[in-house]
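A.B. asks: Protein chains in written order, with our numbering: chain A, 834 to 1104; chain B, 834 to 1104; chain C, 834 to 1104; chain D, 834 to 1104; chain E, 834 to 1104.
Worth flagging that the hints you see were computed from the coordinates, not collected in a lab.
Treat the hints loosely; a few may be bogus.
Identical chains blur together in the list; that is why a pair holds if it fits in one copy or across any two.
Stated by the list, open to error - Here are the simulated lysine-lysine pairs, DSS-like style, with alpha carbons at most 27 Å apart:
id, residue 1, residue 2
1, Lys1098, Lys909
2, Lys990, Lys938
3, Lys913, Lys876
4, Lys959, Lys913
5, Lys909, Lys959
6, Lys876, Lys938
7, Lys959, Lys1098
8, Lys909, Lys876
9, Lys938, Lys959
10, Lys913, Lys1098
11, Lys938, Lys909
12, Lys959, Lys990
13, Lys959, Lys876
14, Lys990, Lys876
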Amino acid sequence: MANEYEGIKVEAAKSSMDMATVIGLIGGFGLVLSAIVMGGDPKSFINPPGVLIVIGGTLAITTMCFSISEVGQSVKVVMKTVLYTSRNPSNAAIQVLQIAEMARKQGVLSLQNILDTMQGEQLLHKGISMVVDGTPGEEVENILRRDIVATIQRHAKSTSILRRAAEFAPAMGLIGTLIGLVQMLGNLDDPSTIGPSMAVALLTTFYGAVLANMVFSPMASKLERNSAEETMINNIYLMGAASVGRQENPRRLEMLLNSILPPAKRIQYFD
Amino acid sequence: MANEYEGIKVEAAKSSMDMATVIGLIGGFGLVLSAIVMGGDPKSFINPPGVLIVIGGTLAITTMCFSISEVGQSVKVVMKTVLYTSRNPSNAAIQVLQIAEMARKQGVLSLQNILDTMQGEQLLHKGISMVVDGTPGEEVENILRRDIVATIQRHAKSTSILRRAAEFAPAMGLIGTLIGLVQMLGNLDDPSTIGPSMAVALLTTFYGAVLANMVFSPMASKLERNSAEETMINNIYLMGAASVGRQENPRRLEMLLNSILPPAKRIQYFD
Amino acid sequence: MANEYEGIKVEAAKSSMDMATVIGLIGGFGLVLSAIVMGGDPKSFINPPGVLIVIGGTLAITTMCFSISEVGQSVKVVMKTVLYTSRNPSNAAIQVLQIAEMARKQGVLSLQNILDTMQGEQLLHKGISMVVDGTPGEEVENILRRDIVATIQRHAKSTSILRRAAEFAPAMGLIGTLIGLVQMLGNLDDPSTIGPSMAVALLTTFYGAVLANMVFSPMASKLERNSAEETMINNIYLMGAASVGRQENPRRLEMLLNSILPPAKRIQYFD
Amino acid sequence: MANEYEGIKVEAAKSSMDMATVIGLIGGFGLVLSAIVMGGDPKSFINPPGVLIVIGGTLAITTMCFSISEVGQSVKVVMKTVLYTSRNPSNAAIQVLQIAEMARKQGVLSLQNILDTMQGEQLLHKGISMVVDGTPGEEVENILRRDIVATIQRHAKSTSILRRAAEFAPAMGLIGTLIGLVQMLGNLDDPSTIGPSMAVALLTTFYGAVLANMVFSPMASKLERNSAEETMINNIYLMGAASVGRQENPRRLEMLLNSILPPAKRIQYFD
Amino acid sequence: MANEYEGIKVEAAKSSMDMATVIGLIGGFGLVLSAIVMGGDPKSFINPPGVLIVIGGTLAITTMCFSISEVGQSVKVVMKTVLYTSRNPSNAAIQVLQIAEMARKQGVLSLQNILDTMQGEQLLHKGISMVVDGTPGEEVENILRRDIVATIQRHAKSTSILRRAAEFAPAMGLIGTLIGLVQMLGNLDDPSTIGPSMAVALLTTFYGAVLANMVFSPMASKLERNSAEETMINNIYLMGAASVGRQENPRRLEMLLNSILPPAKRIQYFD
């Protein structure tokens, strides 16, 4: 597998959707919606002021805890999570080894030819570009490490914003329900309105529970998990680019890569 | 006990069921079921949409937090937990010492004859096979340690999936009940349906509480406990195989084994 | 106080009941029972299926989390807790110093005569017996330390079983109440039965709250506290036996003992 | 300020009440009581059996977790908390420096004359007394440090007892309410009694919430805060007495004191 | 940008309002208020005794946990939070570098001329003033560090007071609701008052939930976040003043500043 250097193609992880997230979201909401539809008129579950107070209120309080730009950024990060592609660390490690072997056998400048195929993997592309431009290995390593740390911090901030939102959503739901209950109890003249009023009051509790448990909380967990995986892939790219920059033996790189890969994902590129 | 070498038989831990888990499950569910049956018509506790929303919803959200393959793997791990046999670390240590003594007295190659009896204990079998094939002790140790770490990580991941499911099940139960309550409150025309509708609404809370407290949460605790026990047994096998591979004195092995055995399980094989 | 060597008598801590535990249990349950009796017919608080589902269910799930032998062992440990006698560490330290001084002045073998008076204190008895038999100080220390560690682990396991039970008892109470509510709501034909049915349904919640808050949780706290105290006493005995075995100066032993005694319990045996 | 040595007067912190605790208690209970009185007949909030079951039960269970003497001791500690006077660490540091300077200029024995003025500050009095009696500095330090550690442990024990009580009070309130509800539901014959019975049942929940949130929990927090403050003052006294005992330069003492004082409380006694 | 030394102007961070806090507060309360107004008569949500018991009670208990001056101080800190201006650490670092370069090229005394422009940034002003007055670099560093630590401690105390208040507010709300429920249940004679009485009883729960979730809890989070940001800015000022005081090369200062700036905020002032 290691001898078609001309034909090396760094396959960018396709940006297909993260199936677990999509299936989980569709499955969860599908079940809730079908329970609502089967039970009768679904319109009774739509209450625009309630939606506003729970979603808007949660957003307002969460923004209060952070800054507007931080909350805005976290929306982008969450979007990327839904579209995140789980990449195989073993494949990333093998591609990095192929690049390292090509650099060793055909010279670092030959990597220019395959730079385009790395477009999909920004960090790898940035690292190899710098190496091709003659940046020394240590500097490549420092710059990429800084990028990785910045990415981790951005993800950690977004995770904590989501966890906060998961705490505030049920609280706003409770506040909405209390408003509804107080209004209903002050108006008991017509008993026929008690039921529907109470149903409306409970809707905000329902919205809050759905938002917290079916959106914010699993999103935060998923983001944490994907951030760990992405950090590992990025560290593989960093090790590879730095190793090529330092013109080290690719066999040593393989050893280094195996030391950070999980046991089940270790590779054996050279025999 | 140490002189019938020809007759050494490594008794594989029989894959009988873990009695505590089985008794706990049967006992717990038996009590709940008998309370249901004694109270009247058990059919009123069966509500397929409710079952679907709680079990399906919990599965969907939990999947969202992880990846599909991780959730699938955890089902297998849980199955193995129910069938897990609590093995006695002392017995494992004594068997390992018998093997070590046999290797010392009759030569490593003689272990070939008893390899078959170790089929039930994969890790021991793998280690002794490598030793018989001439793999050096250090390498045997590295390979087995990697296997042990991978097993621990697999168990830890499964435990955290079960704990997550134990958090989401009651949340899905609450969401189901809120749906039922809103539907009931919107339809108070016929008072005779209030009771049964509310009963149905409460069923999802019931399902969620049963799933979380009688299945997911104890399963997670059990998995944690068994993982610790299995890790100890595996470390005993690792120590034994590595010691035979390094052709060490079995008395030294006994000392090493005693240092990781809990005080009550320490052995005295050589006098 | 240090000159009646012939008359040394190691007073075994009398196995009287732990008054705080007994008074707490009797006081707490007495108040609850009197509130029940004062409010009318106490029979309405007895519901055998409810008792079964809460106690049996909690037992079943807790067993599931551990193993049958661990749960059985914890029952014994809890029993010993109720009968536990709070011993004064200062007294234990002084007795140990008396023994050490006697050994120094009359020879180690003279301790044979007072061995019988130590029957009540197993660890001290075991340690001094070994010393009299000529076991070297280091070995006495190792063996006793192993015993102490085993005791601490046994207590820690029992504490965690009790804490688990304290979590599961209210959960089983809720499950029982939900069963009762669903049964009641499905049978609203005769309004006169609503009240009593609901009373019965609430009983399991009551049982669960009483079990968790008045039995399991305080028992776990008490066990933790007593385990710490017993460990200190046992360490005093270990230090004493090891010191006698090493034929050290008792004044040095006093210094060692004071270093582990709490400030308020420090002793001054030699002037 | 540093030249009227003859007139040094160690002002004992006046044992006035801790205003924050007193105002908080009076303010909180005042508001609750006025809400009760304004709403009608305050007698409906008095239910002796309920008071008994919540206060007595909480006391009984808390005692069960600890020992009788520990609970008794914590009552004393709590009493002292209410009467605690917040002392200014800066003032304590300056008084200690005045004493040190006086000892340096007029000799250690001259401190005899001002010993009486230190009566209010036990630890300082004990330390200076020992110094005047000729106890060496190291020993003074060891003895006072032991006293300080014992005080910290006593406070920590009392804090944990209060936190436990804050957990058990609402639990006992719930148990009392469940008893009341079961009794009421079993006796629905006369609908006119439902309201009052339910009111009585809710009273124990009310008592539990008030006890936990307005007494035990803030008391525990206050005790923790005051313990930290008292420890700092005591460390100032310890440093001072040890420094005088070692006949060190007071300027060095000032440096030491500033190293443990919070930034805003640092002093500049010598220019 | 680095050559108009005469024209250096240290732009004080404008004390405009923290938009995230203001928008969050207005947005959240706006949504709640509009839900109240849309649902009918907003007067039914105003209950002065309820407001008093929740706000006053929370204040009283929180004061009890701390001291009066600490609670008073935290009000000031919170006010400053609302008016806090998020400053850009990069800008602060560049201004500090401009000052350092000016001091290097035109002499430290020239900084006298731009001291006035630093009025808005107290710590920087204090540090540069000391440097101009000839205070050595080490002393400037020590004094400023002490100020920074004192600020951090003040913020941490205020944060913990807010978190406490966020815990006590719902508790006081529950206590208020229990008082209302007991009063209502004792007076069931006129059924037409049940609804409004219950509405009033629920109001305190509503007040408590709003106070805790929409004021205290997000304020505490915001304070924590802003305190971290302010500490970083203050450390930049400290490093700058100390560096000028030690007459170090500004290039070295740039390196130091970059080591504490987050990756995304690193600066490159010198090429």
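A.B. asks: Tell me the hint numbers this structure goes against, listed in increasing order.
C.D. replies: 2, 3, 6, 8, 11, 13, 14
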